[in-house]
Each structure stands twice: as C-alpha cells, then as structure tokens.
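**Student:** Sequence:
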Amino acid sequence: VQLQASGGGLVQPGGSLRLSCTYSGSIFSFRVMGWYRQAPGKQRELVAVTIIGGSTNYADSVKGRFAISRDSAKNTVYLQMNSLKPEDTAVYYCNIRSVSGVNYWGQGTQVTVSS
1 VQLQASGGGL VQPGGSLRLS CTYSGSIFSF RVMGWYRQAP GKQRELVAVT IIGGSTNYAD
61 SVKGRFAISR DSAKNTVYLQ MNSLKPEDTA VYYCNIRSVS GVNYWGQGTQ VTVSS
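Residue numbers are given in the working numbering: position 75 of the sequence shown equals residue 75, and the series is strictly consecutive.
Everything labelled a hint here was simulated from the structure, so no lab data went into it.
Computed from a predicted structure; not experimentally measured.
Here a beta-carbon is modelled for each residue, glycine too, at the ideal position from N, C-alpha and C.
Incorrect hints may appear among the rest.
If you anchor each label on the Cβ, the simulated ranges turn out as follows [as the list claims (entries may be wrong)]:
(1) ARG44 - GLN4: 31 to 39 Å
(2) SER26 - SER114: 22 to 30 Å
(3) GLY14 - SER100: 38 to 46 Å
(4) ALA67 - GLN38: 36 to 44 Å
(5) PRO86 - SER26: 34 to 42 Å
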C-alpha cells in the first residue's frame with residue numbers, strides 16, 4: 001500500500017484547506033483510514049479517522065471544523081479543514097490500517113496557519 005498526501009500550504013487564520021491522500025491497494029483490505037498531525041516538539045496525534053463500514057471519529061480540537069471523507073472511485077481520502085487556527089499548524093499524515101493490523105503512512109504535508 002502506498003499513500004501520497006497533498007494539499008497543504010500556508011493559510012490565514014479562519015481560512016480553509018482540503019488535504020487529499022491518494023492510495024494504492026484494495027479498500028477491502030483496509031480497516032481504518034485517517035489523518036494524523038504532528039506539530040514541532042509534539043507527539044503525533046489523531047485528527048480524524050473513518051472506520052470502513054463504521055463510524056467516524058474526530059479529535060475534540062477539530063470537531064465541527066474538520067471533515068474526513070473518501071472517494072473509493074478515486075482511491076482518495078480527504079480532510080476538509082475549515083476555520084483554521086494557528087494551533088492547527090503541523091505536518092499532516094494520512095494513515096491506513098489494514099484488516100491485519102498493519103499501519104501505512106503517507107509522507108506528510110505541511111499546513112501552516114499564520115497571518
């Protein structure tokens with residue numbers, strides 16, 4: 001499984017970005033798809049995950065502002081980020097966990113929220 005993330009950049013507070021993660025492989029072998037982020041000097045943290053055929057979960061800090069979605073026809077997972085805050089600044093990573101429990105990571109895309 002290979003993942004390619006894109007869509008990061010510099011945005012002003014209150015702005016929006018949409019991250020995309022294109023993946024290879026069959027979705028039938030996937031259990032969870034999601035996004036994590038890591039700010040400088042901090043540990044990587046969960047942002048949003050979607051369980052295939054199940055629920056979607058968000059970090060409390062992004063609830064109501066971020067939305068995860070996927071397009072199986074395009075083999076892509078999205079993270080729509082609205083009302084961005086400076087504390088959302090981080091490198092964002094897409095993640096897929098297979099049904100066998102193996103984690104796959106994309107290369108990361110930088111999101112900087114600053115005026």
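**Student:** Starting from the hint 38 to 46 Å, judge whether the C-beta atoms of GLY14 and SER100 obey it.
**Tutor:** holds (42 Å)
**Student:** Is the distance from the Cβ of ARG44 to the Cβ of GLN4 consistent with 31 to 39 Å?
**Tutor:** Check failed, 19 Å falls outside 31 to 39 Å.
**Student:** Could one say that the CB atoms of SER26 and SER114 fall in the range 22 to 30 Å?
**Tutor:** At 39 Å between Cβs, range violated.
**Student:** Starting from the range 36 to 44 Å, see whether the pair ALA67 and GLN38 falls in it by beta-carbon distance.
**Tutor:** Given range 36 to 44 Å: violated, Cβ gap about 21 Å.
**Student:** Taking the CB of PRO86 and the CB of SER26, does the distance hold inside 34 to 42 Å?
**Tutor:** Hint holds: Cβ distance 39 Å, inside 34 to 42 Å.
Hints 1, 2, 4 from the earlier list are contradicted by this structure; the remaining hints agree with it.
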